[in-house]
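Line by line, the protein sequences are chains A and B.
Heads up, the first sequence is in our numbering, so the first residue is 9 and it goes up one at a time.
Heads up, the second sequence is in our numbering, so the first residue is 9 and it goes up one at a time.
These are calculated hints, taken from the structure and not from any lab test.
Small disclaimer: the values here were computed from a predicted structure and weren't measured.
There's no promise every hint is true.
One copy or two, it doesn't matter: identical chains are merged, so the pair holds either way.
Below, computed lysine to aspartate or glutamate pairings styled on EDC-like, alpha-carbon distance capped at 16 Å [as the list claims (entries may be wrong)]:
(1) Lys154 - Glu71
(2) Lys46 - Glu33
(3) Lys19 - Glu118
(4) Lys145 - Glu27
(5) Lys46 - Asp105
(6) Lys154 - Glu142
(7) Lys41 - Glu76
(8) Lys79 - Glu27
(9) Lys24 - Glu119
(10) Lys147 - Glu69
(11) Lys24 - Glu64
(12) Lys154 - Asp99
Number of protein chains: 2
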Amino acid sequence: MVNIIHRVGIKAPLQKVYEAVASTEGISGWWTKDTTGKPGLGQSIIVRFHSPEGREIGSMEMEVSTPENHKVHWKILSGPQEWIGTEVTFDLHQEEDYTIVIFGHKNWREEVEFKAHCSMKWAIFMLSLKQLVETGKGKPSPGDIKIDNWN
Amino acid sequence: MVNIIHRVGIKAPLQKVYEAVASTEGISGWWTKDTTGKPGLGQSIIVRFHSPEGREIGSMEMEVSTPENHKVHWKILSGPQEWIGTEVTFDLHQEEDYTIVIFGHKNWREEVEFKAHCSMKWAIFMLSLKQLVETGKGKPSPGDIKIDNWN
């Protein structure tokens, strides 16, 4: 099983973190500004990424659901070929004054270089999520930190 | 196989990146200031981490070698129990004006929460490595970005 798993701790109530990963508005505050659609089974959220110059560099469509308390699940419906069949998960729990996020991007078919790029980018976006919830201001695309020649 | 793999691109000649991951002085510029010892087979480099208040929060000893051209290998000799038997690898190649680093921390026995923490911290340190090589100033411990209640 080829997975990306990151742990991040956010100094905020769990409910605030939950809303940031399970709602259209929340996601637009840390992942990409161009986030539209609706969460829920049978619905979908569409995210589009643009270069700082405004060129579209990628998009994904996903079904956002909450299979259990404190768990948020994104099922990838369309996007980069390597992402099809993968799932993105957020497992939340509280430790003292932190909400701990166990972030997963799971079930990649192969250990490809694009996965290594996404691993690094997800860490950058987890920092952005932490900043959004703790300070009110994240760094969603196209204002995200660039980490290599791909993005 | 439980691995952490990140891809980062650094706008600098390959040799500069190589020196930053294969030498004592280089490592002290992006991972932890308290780096001593020598690289090479049969030698070891020791890294110690301190809290911002000066308390030691961890240390590792490793053999740093270069099994092939453009590859740097850290064999973990001592450190956190979960790190024993793991290896850290840096595979470098050039793409246009970037040196691409495929960073690996490989052969974890289990998908433990500590590994998810390390995955996030390694991404932070890859950013620090990128900053060091591109600007001359990284963010080694204890000046590293904190990402959760563990560090």
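Up to 16 Å between alpha-carbons, please classify Lys46 paired with Asp105: within, between, both or neither. neither (30 Å within a copy, 41 Å between copies)
Pop the pair Lys154 and Glu142 into one bin, within, between, both or neither, using alpha-carbon distances up to 16 Å. Result: close only across copies, 13 Å inter versus 22 Å intra.
Within a copy, between copies, both or neither: which one fits Lys19 and Glu118 at a CA-CA cutoff of 16 Å? neither (35 Å within a copy, 28 Å between copies)
How would you classify Lys24 and Glu119 at a CA-CA limit of 16 Å: within, between, both, or neither? Intra 33 Å, inter 27 Å, cutoff 16 Å: neither.
Quick one: Lys145 to Glu27, C-alpha cut-off 16 Å, is that within a copy, between copies, both, or neither? within (15 Å within a copy, 36 Å between copies)
At most 16 Å between CA atoms: does that hold for Lys24 and Glu64 within a copy, between copies, both, or neither? Neither. Shortest intra-copy (30 Å) and inter-copy (33 Å) distances fail the 16 Å Cα cut-off.
Up to 16 Å between alpha-carbons, please classify Lys46 paired with Glu33: within, between, both or neither. Within one copy only: 10 Å inside, 51 Å across.
Identical-chain pair category, Lys147 with Glu69, by Cα at 16 Å: neither (21 Å within a copy, 36 Å between copies)
Reference check for the pair Lys154 and Glu71, CA-CA at most 16 Å: within, between, both, or neither? This pair counts as neither: shortest intra-copy Cα distance 27 Å, inter-copy 32 Å.
Are the CA atoms of Lys79 and Glu27 at most 16 Å apart within a copy, between copies, both, or neither? Within one copy only: 11 Å inside, 43 Å across.
Have a look at Lys154 and Asp99 and pick one of within, between, both or neither, based on CA distance no larger than 16 Å. Result: close neither inside a copy nor across copies, 26 Å intra and 20 Å inter.
Cα distance capped at 16 Å. Does Lys41 pair with Glu76 within a copy, between copies, both, or neither? Answer is neither; intra-copy 27 Å and inter-copy 43 Å both fail.
Taken one by one, the earlier hints fail for this structure at numbers 1, 3, 5, 7, 9, 10, 11, 12, listed in ascending order.
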